[in-house]
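Start from the sequences and build out the full structure, keeping to the hints where you can.
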Amino acid sequence: MDVPVPTLGEFEIIVLLAVLRLGEATTLAYGSTIRDEIERHANRRIARGAIYVTLDRLEEKGLLASKLSEGTPARDQRPKRLFKVTRGGRRSLVQALELMNRLQQGLTLTPVRR
Amino acid sequence: MRAKPLSWRVLARLLRRSVPPSNLDIVVGDLLEDFRRDRLRIGRIRAEFHVALGALSIARSYRRAAVDRHHPHGSSAQLVEPMWRDVMNAWRRLAQTPLLTVVAVVTLALGIGANAAIFSVMDAVMFHPLPYSDPNRLFQLWSTHPDGLRTLSVGAEAVRDWAVRDDVFSNVEPYVQNSVTLMTDSGARQVFSARVGGGLMAMLGVRAQLGRRIEAADTQPGAEPVVVLSDGLWRQVYGADPTILGRRVGIDAAVSTVVGVMPPSFRFPFSRQQLWQPLPPASTRPTGRAPNYFVLVRLAPGLTRPLAQTRLDAANTSNRAPGRPAGSRITIESPLAGRVAGSTRQTLLILMGAVGLVLLIACANVANLLLESAWSRAREQAVRIALGATRGRLVRTSFFESAFLVTLGGIAALLLATWAVTIVRPDLPADLTALGPSVVEVNGDAVLFTGALLIAAVVLCGTLPALRTSAGAVTGMLQSGGRSLTLSRSHTIVGGTFVVVQLAASTALLTGAMLLIHSLIHVVSVNPGFDVRGLVAIDLVLPSWKYPTPAAKEMALDRIGDELRRVPGVREATLTAGIAPTGGGLTAARAVEIDGQGVVLADRTLYIPVTDVDPNFFATLGIPIARGRAFDSSDRANAPLTTIISESLARRFWPRENPIGGRLRLAADAPWYTIVGVAGDVYQFDIAQTHGGYAMYFPRSQATDIPTQPTLVFRASGSLTAAIGSMRAQLRGMDPELPIQSISTVEDLYGQFFSGSRFYAALMSGLAFVGQVVAAIGLFGVLASLVGRRRRELGIRLVVGASPSQVVRLVLRHAAGLCVIGLGAGIGLGIVIGRPLRAVLVDVSPADPWAYVSVCVMLALIATAAAWIPAHRAARIDPVRSLRFE
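Residue numbers (this note's numbering), protein chains in the order written: chain U, 1 to 114; chain H, 1001 to 1886.
In case anyone wonders, no lab produced these hints; they're calculated from the structure.
Cβ coordinates follow ideal geometry from the N, Cα and C atoms, glycine included.
Hints may be right or wrong, so weigh each one.
Simulated pairs of lysine to aspartate or glutamate, DMTMM-like, Cα-Cα distance not exceeding 25 Å [claimed, not checked]:
id	chain 1	residue 1	chain 2	residue 2
1	H	K1546	H	D1252
2	U	K84	U	D56
3	U	K61	H	D1068
4	H	K1546	H	E1737
5	H	K1004	H	D1025
6	H	K1546	H	D1562
7	U	K61	U	E24
8	U	K84	U	E39
9	H	K1004	U	D36
10	H	K1546	H	E1224
11	U	K61	U	E98
12	H	K1546	H	D1558
13	U	K84	H	D1025
14	U	K84	U	E59
15	H	K1004	U	E70
16	U	K67	H	D1025
17	U	K84	U	D36
18	U	K61	U	E10
19	H	K1004	U	E39
20	U	K84	U	E10
21	H	K1546	H	D1735
22	U	K61	H	D1025
23	U	K61	U	D36
24	H	K1004	U	D76
Simulated restraints, written as ranges between beta carbons of each label pair [stated by the list, open to error]:
id	chain 1	residue 1	chain 2	residue 2	range
25	U	S69	H	I1042	25 to 33 Å
26	U	R21	H	T1390	49 to 57 Å
27	U	R44	H	H1872	53 to 61 Å
28	U	S69	H	P1263	46 to 54 Å
29	H	R1041	U	S69	21 to 29 Å
30	U	E59	H	R1009	29 to 37 Å
Spelled out as structure tokens, the structure:
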């Protein structure tokens, strides 16, 4: 690995994955939809504040890129910030997930009962 | 405009403060979008909840992120935690002293709760604006007559004159109150009603809940007679029938069409009015004299009341017509002015005073408790300062402690006030609720006001001592080891002062309550003068449209009497103009001339009700004839005129002589009446006055007219409820159109009559009780902490030979000293504030020694109880341990 890649925390991984999924589904990824996407899969409520702060941090690290889009009447014409994962973001994500995969191998994890 | 969350302004401000400007719009947009979607999906309430939580979470995250950026090596928790630790500290401290906490919370709850409840009631009945549109411009016209008499009624000419002056009034609307006979499916009934000017309902701005209001066209000559019903009547009589409009109902002799139903909140002019009919213009009335009206006006736009009054006066003097009576002045008054009058107003003001005293007691108590606890912690505080705690830190802990107390007390108070208002509401005397809003509720302003006062006390007393803990004091405190043998003087004086204030205020309260209770006992135990058990009174109305002549009425009454005597269980019946306590004695002599003694004018101390009665009146009611005879068949219309007087009247004018055979007359040109008998005193009409016993009776057979609203009184045996039921049925069967005003047992009449006095006495006792409890708690608290802090001193005393009983005496003596000062001050205060009580007391002087003695005894008992435990705790102090005790 020639270029150092920023390491990711668990919540950052989750947010990046959510943004990716929304991009694939051609849904716009912004604060509300990202939170919905995570909540839908996590089956629990996610603190809004955590989402925004994490999005900001990921953008600062260059893992996410954003642009402003026009507002709609439903949001009193206030702009949305639309996110997409950058190349660096993909790389970090892949690296983090691969690490997890490697570490998992050979272990038998009993399914955790909810 | 799309929906915004209720708390949006607060949330937006919070976000503006914490979210970086570059992100603000985006975050806000997301929140709004989600809120609007959630609202449709999961309902408004949960959406509100979500958006608030979301905004809080965002604000917190951004703040924490900002802190992390500035202190990359520290954790944001450090900034938040000390505050949190203060809160926890405060909570732990309160939990350590559960007694103090509970007492403070209870005191706050009682103080704020009782006050808020009473104040809410008063606000509703006395100060609440009328429920009409723009009530501040609504006024009532009064006339002041040349002889100084003020009346609410105004001549019809004035109404006509002023209705056209739109430079003074934008509306002038007359109304009159009356009572009409309403024919219903279940028979005739007499209901209170009002006739109102065509624009009155529109002026008040109240819409009909069904149909329409009374309009100007309805008052025109030849208009079809219409009626508008009250909500109550519509529900009671017509089962809230939605198709009532257009129904033709019989009212008095005419048939009117129902055109509307007013909402329940429309109570005009009083709550008893059940229907409204148009008031025809004065000129169309056939009577020779122009009638008088009540008049409600709305001031012209931009006009103030004094200015309008000036214009009114100017017009009065400049264009007085020659025939018009001089000097009758029309004034503009607030419609609320006459709402609560006389002794009721007085009573309410007294209660306000009582409530103020309770508040004072509560404040003093809470302040004392907190000062006490702060002082007892002085040493702990000193140690904490020595160990490096900042003053701010100590103050903060104290502050949170106070905040906890206030919050808990406030919640308890709100619950208490709500409960108290619910309890009090059904018992409110009718004269209080006649004009006020239909429902008395806990008043937010009252809670806020009393709450603010107590919070101020709590915060001041909880925080001040911590502020005063200066560095010098710390050194002194640590050097002495907090072991000074006796207490600081200022400390003892402050604590003592608080207790004295509480004792004084509660003494005054208790005195007031005692006076009222004593007066109530007098009222309730007054012997009515006749046997009320088994008596049933029926108030009838004989409408003139049906019984036009006295003879017709007389015949009808005879027939009714005969009919009712046939009901099983009914033994005797007699007809009179009304029965005690409230029905009789409405006609009174203005003056009486005793043959040979001259004329005596009636005044406040000489109120002589005059009643026309049947021969069997005295026998039926069980009024004893003390001397002479009752009326009999010999007292015919053309026989010599006779009268029977009451014993107290006989005593007043014939203190030593025999009144039988004496003569009296009621006016100089009236005939003489010969006294043939003396009857026992009957307390009637105004039992609250000392002259309740005077009465004159005349035989109805010699009277010139018959009562317009006669009362039939029956003595029945067996179940009175059953008897009343069968009497009602009998009357219905006889004449379905005969309106029965009321039918009830005389015992019930007395019960209703006393309800007002009972209510006030109960309320005052309740307040006094609350005051007592709180003051006793205060005394207990002060003595307990006194003993606690004098432990060492008392221990030494025991070591050097004092007996436990001497120690008990020492503590009790301290308590006694406080009590004597408190009692003295309280009795002084009681005499001052007891003076206005005179207006509502019956047969009790405000300086009634019985009340003062009982208050002294009661307070002494309570004080002893409060002092007992601390005193005996003092006696059980183990000297050795107390000297070692830290």
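| request: Go through the numbered hints given earlier and state which of them the structure violates, listing their numbers in rising order. | output: none
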